[in-house]
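K.L.:
Taken in order, the sequence shown gives residues 3 to 514; the numbers are from the working numbering.
To be clear, the hints were calculated from the coordinates, so they are not data collected in a lab.
As the structure is a computational prediction, the values presented were derived from the model and not from experiment.
Yeah, the Cβ is synthetic: ideal placement off N, Cα and C, and Gly gets one too.
Hints are supplied without guarantee of correctness; some may be wrong.
[Unchecked claim] Estimated spans, in silico, between C-beta atoms of each pair:
#, residue 1, residue 2, range
1, Glu240, Arg71, 17 to 27 angstroms
2, Arg402, Ser109, 52 to 62 angstroms
3, Gln239, Gly281, 15 to 25 angstroms
4, His76, Leu421, 45 to 55 angstroms
5, Glu392, Glu164, 48 to 58 angstroms
6, Ala455, Glu392, 16 to 26 angstroms
7, Ala58, Asp102, 13 to 23 angstroms
8, Gln155, Pro426, 16 to 26 angstroms
[Said to hold, decoys possible] Within a straight-line C-alpha distance of at most 25 angstroms, the following computed SDA-like cross-link-like pairs (lysine to any residue) qualify:
#, residue 1, residue 2
9, Lys360, Pro343
10, Lys394, Thr416
11, Lys394, Ala61
12, Lys360, Leu278
13, Lys360, His276
14, Lys394, Arg67
15, Lys394, Ala304
16, Lys78, Arg111
17, Lys78, Ala61
18, Lys78, Glu217
19, Lys78, Trp128
20, Lys78, Glu65
21, Lys78, Pro110
22, Lys78, Gly66
23, Lys360, Gly300
24, Lys394, Gly428
25, Lys78, Pro343
26, Lys360, Ala304
27, Lys394, Arg430
28, Lys78, Trp60
29, Lys78, Gly187
30, Lys78, Gly301
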Amino acid sequence: MEEKRSGGPAKQTPLTRALDTIRQLRQRLDEQEGNQPVAVVGIGLRLPGGIQDLDAYWAALAEGRDLVRPMPEHRKGPFAAEWDGLPQRGGYLDEVLDFDAAFFGISPREARHLDPQHRMLLEVAWEALEDAGTPADRLAGTRTGFYLGIMWQDYREWLAGEPDAYWTTGNGHNFAAGRIAYALGLNGPALSVDTACSSSLVSVHLAVQALRRGECDTAFAAGANLMMSPRSMRLVQETRSLSPDGLCRTFDARAGGFTRGEGCGVLVLKRLDHALRDGDRVHAVIRGSAVNQDGRSGGFTAPNVLSQSAVIEQALAEAGLEPADIGHIEAHGTGTSLGDPIEMEALAMTLGRRNGGKPLPVGAVKTNLGHLESAAGVAGLVKAMLCLRERKIPPLVHFRTLNPRIDLSGTGITVPAELQDWAPEGGRYAGVSSFGMSGTNAHVILGPAPEQAPAEAPEPTGFPVSARTGEALRALAARYAGHLEALDPAAYPAFAAAATTGRTRMEVAGWI
């Protein structure tokens, strides 16, 4: 007769105990791997006011400049009469139709059909790689992804006549990300995201997740926005969210809406451990990010305070941080009568009343640049990186008196009216919010770059420069001369090393 087996747990042997310990350790390692910080190693920019680099961006922020202006006449294109009666103040870029098509191997005919947003993305992605010290040809055939936030297709209206193949490939959102991957030979995911105003910050989140899951070794996260058509301006005007006088007064008692703006930002991202291993310069570190949806709210396009609070909570949990760790917020901050009080209440609920009374200044770059829509999130993210770098908080332009519908009692939340130091007693991380009219919300939490020992570089006697044409080479040499004049001589070796190894070698060469 068989003995009855006990229904209780089996007795563990030393071997089974060891196996259990290994499984637990592996689970912990997997969890840590999934929450790896992500380094921002390269940045490319095109912003209103002629801003194309970080130092120019910081100067505009620190000085509290309003870069909104009347629409340049040449930007009206074939629609001059249709622009009459529409809002025409905005954060405009210069010369958006200029493009060096030959540099990217694009024929003149194809270039004419290519949306200027796509043209700009090609150029700014290249510049982001140069900022990262990565020659573009080094990425060919690698698992590098491109995640793009983009929403408008205004340029189609500039193209008269019967659409052809170039019309299709030059204007579809899906082709925008694919074109970058094609130009650089990238083999990772390439996708375009349209969640309206939160598109580019959602793209950052997707890129971070892909890096953490091992889908990419390097990832671009980008956003682009241009205002090329009176039709899209009329559509936005119909939402009744535009400021009647063209001034964005976020959180102010006089707030009456936002002003539209243009821009492009491209980030190059790597896992932090990989960036440090590879000796990359790190601008800032993404600790956590989250995306959610408003679902049912007061109206299809109305913000939802509980969803905004929840997405910040999720990002904090992803980063392994507490409310008291956040020392600055770059808000979505559209300057609308409904949106501003709801956003501030979400910040008060989630951070301000739970951080032990620590100071929490809240800013919004829309008061400087206008609302960059699908590029707004990346513009805000780069601003937060600069605040971390400089340990200062820029003023909120046009702010005088707090909106009476905003209650900050019992919180450490403030609205900076002038340039101020980052409070030493405040948290050392920054949060960035971006909320889409579609109801899709995103929040990203950033930390400062780690201390990095300066790379050893030999004393230079000069360094090589190269470009596609003689004219481009002269322009590059002039730009380098300007940088070198402003540079501490002790930094010359590092500059020369970066210029030598961090740029793609081209046909026309010279020596500085």
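K.L.:
Go through the numbered hints given earlier and state which of them the structure violates, listing their numbers in rising order.
P.N.:
3, 4, 8, 12, 13, 15, 17, 18, 19, 20, 22, 23, 25, 26, 28, 29, 30
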